[in-house]
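S.K.: Residues in the sequence shown are numbered from 82 upward in steps of one, following this note's numbering.
Source of the hints: derived by calculation from the structure; they are not laboratory data. Think of the CB as a built atom: it goes at the ideal place given N, C-alpha and C, for glycine as much as any other residue. One should not assume that every hint holds.
Think about it this way: if two alpha-carbon atoms lie no more than 27 Å apart in a straight line, the pair counts; the simulated DSS-like pairs of lysine-lysine are [claimed, not checked]:
| hint | residue 1 | residue 2 |
| --- | --- | --- |
| 1 | Lys211 | Lys333 |
| 2 | Lys330 | Lys131 |
| 3 | Lys330 | Lys203 |
| 4 | Lys206 | Lys330 |
Derived DEER-like restraints, expressed as beta-carbon distance ranges [as the list claims (entries may be wrong)]:
| hint | residue 1 | residue 2 | range |
| --- | --- | --- | --- |
| 5 | Glu183 | Trp410 | 28 to 34 Å |
| 6 | Pro385 | Val324 | 37 to 43 Å |
| 7 | Ala403 | Val174 | 18 to 24 Å |
| 8 | Lys289 | Phe137 | 33 to 39 Å |
| 9 | Tyr210 | Tyr182 | 43 to 49 Å |
| 10 | Gly407 | Tyr182 | 17 to 23 Å |
| 11 | Thr89 | Leu184 | 32 to 38 Å |
| 12 | Phe393 | Lys91 | 31 to 37 Å |
| 13 | Val324 | Tyr149 | 22 to 28 Å |
| 14 | Leu178 | Arg144 | 42 to 48 Å |
| 15 | Leu312 | Phe292 | 23 to 29 Å |
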Amino acid sequence: MESTRTLTDKIFLVLKGLGMGAANKVPGVSGGVVAFVAGFYEEFIYSLKKINRTAFKLLLNGRLKSFYRYINGRFLSLLFFGMLISYFSISKVLDYLIIHYELYVWSVFFGMILGSIYYINKDFKVWNYKTILALTIGALAGISISFLNPAKENDNLWFVFFCGIISVSGMTLPGFSGSFILILLGNYVLLLVDSVNALYDTVTNVFKGDFSFIENQERIKMLKVLAVFTLGSVTGLVTFSHVLSYILKHYKNITTATILGFIIGSLGVVWPWKKTIYKLNSNGNYLLDSSGEKIIEFYKRYIPQFNTETYFAIGYIIFGVAIVLGLEWYGQKTRQVK
82 MESTRTLTDK IFLVLKGLGM GAANKVPGVS GGVVAFVAGF YEEFIYSLKK
132 INRTAFKLLL NGRLKSFYRY INGRFLSLLF FGMLISYFSI SKVLDYLIIH
182 YELYVWSVFF GMILGSIYYI NKDFKVWNYK TILALTIGAL AGISISFLNP
232 AKENDNLWFV FFCGIISVSG MTLPGFSGSF ILILLGNYVL LLVDSVNALY
282 DTVTNVFKGD FSFIENQERI KMLKVLAVFT LGSVTGLVTF SHVLSYILKH
332 YKNITTATIL GFIIGSLGVV WPWKKTIYKL NSNGNYLLDS SGEKIIEFYK
382 RYIPQFNTET YFAIGYIIFG VAIVLGLEWY GQKTRQVK
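All chains, please: the whole structure from these sequences, using the hints.
M.R.: Dropping the structure here:
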């Protein structure tokens with residue numbers, strides 16, 4: 082598999098990892114959609130499936146090269162390298178853009194999801210009562226999730242571990258946004274903002290030779306939370322991949338229809354014209370991030386007014402569709418070359 086992957090393919094794989102990482106960070110957007118549309122979803126799932134008992138035996142016996150080849154290591158390492166870069170670069174840019182250009186950001190994502198629906202549907206020809214039922218159930222599940230109200234923040238480590246397992250669903254289930262699920266569980270800010278910022282600050286301090294954070298109990302607490310969340314994410318990623326690889330092998334058409342339904346249902350979450358409701362503390366005051374901006378927690382949708390801003394937003398929706406079609410074109414070109 083790796084012998085046919087060119088240098089350009091490897092660069093694009095890192096870029097796809099950037100895209101998955103950025104999508105996983107944004108509530109309502111699924112990194113799995115990026116994998117699905119970019120044409121590496123099945124390889125991603127089957128590679129994760131290889132992280133099993135055999136892989137751990139190879140690792141414990143010191144057969145690192147065999148372990149690396151067995152789990153399709155180059156593919157996974159390039160992809161996760163892109164995701165890691167994204168969490169400390171592109172996702173930061175997205176945070177800024179959502180605060181200052183919220184309508185246009187959501188418009189792009191809305192367009193990308195519309196493009197994804199077209200991409201998946203155009204090649205799917207097996208429509209029968211089973212796949213139609215699967216599509217309906219997936220859509221209803223996606224719509225229902227979008228209307229749930231968020232819970233309160235909970236930093237119990239067992240609950241954080243559970244959040245890690247659930248949040249990673251966005252990488253393995255296209256259309257099922259892990260970050261939006263974290264909002265519903267009440268821990269989006271804790272796990273994807275506060276703890277990530279704590280790690281960033283800690284790494285910065287270490288490079289400066291400043292280890293005073295060891296005495297900072299709040300910082301240590303956030304690092305523990307991030308470590309447990311990461312462990313839960315890895316556990317969920319490996320577990321989901323085994324389940325999904327089996328389902329894809331035995332029920333591929335039903336699974337594809339359900340995924341399409343999830344993606345259709347998620348359109349309500351990324352509707353560009355929505356009124357923002359901000360997270361409140363126990364005193365009813367707005368919570369602010371380090372820059373003094375209000376922390377986005379949940380949304381209510383509304384109908385747009387047709388003005389210049391709306392026309393620009395529609396243009397960005399078209400741009401989002403074009404991104405997906407561009408990925409599709411690149412995927413077809415790559416397959417033809419191979």
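S.K.: Give a verdict on every hint.
M.R.: Right, here's what the structure says about each hint:
no., hint, verdict
1, Lys211 with Lys333, "holds, 12 Å"
2, Lys330 with Lys131, "holds, 15 Å"
3, Lys330 with Lys203, "holds, 21 Å"
4, Lys206 with Lys330, "holds, 18 Å"
5, Glu183 with Trp410: 28 to 34 Å, "holds, 29 Å"
6, Pro385 with Val324: 37 to 43 Å, "holds, 40 Å"
7, Ala403 with Val174: 18 to 24 Å, "holds, 20 Å"
8, Lys289 with Phe137: 33 to 39 Å, "holds, 37 Å"
9, Tyr210 with Tyr182: 43 to 49 Å, "holds, 44 Å"
10, Gly407 with Tyr182: 17 to 23 Å, "holds, 21 Å"
11, Thr89 with Leu184: 32 to 38 Å, "holds, 35 Å"
12, Phe393 with Lys91: 31 to 37 Å, "holds, 36 Å"
13, Val324 with Tyr149: 22 to 28 Å, "holds, 24 Å"
14, Leu178 with Arg144: 42 to 48 Å, "holds, 45 Å"
15, Leu312 with Phe292: 23 to 29 Å, "holds, 24 Å"
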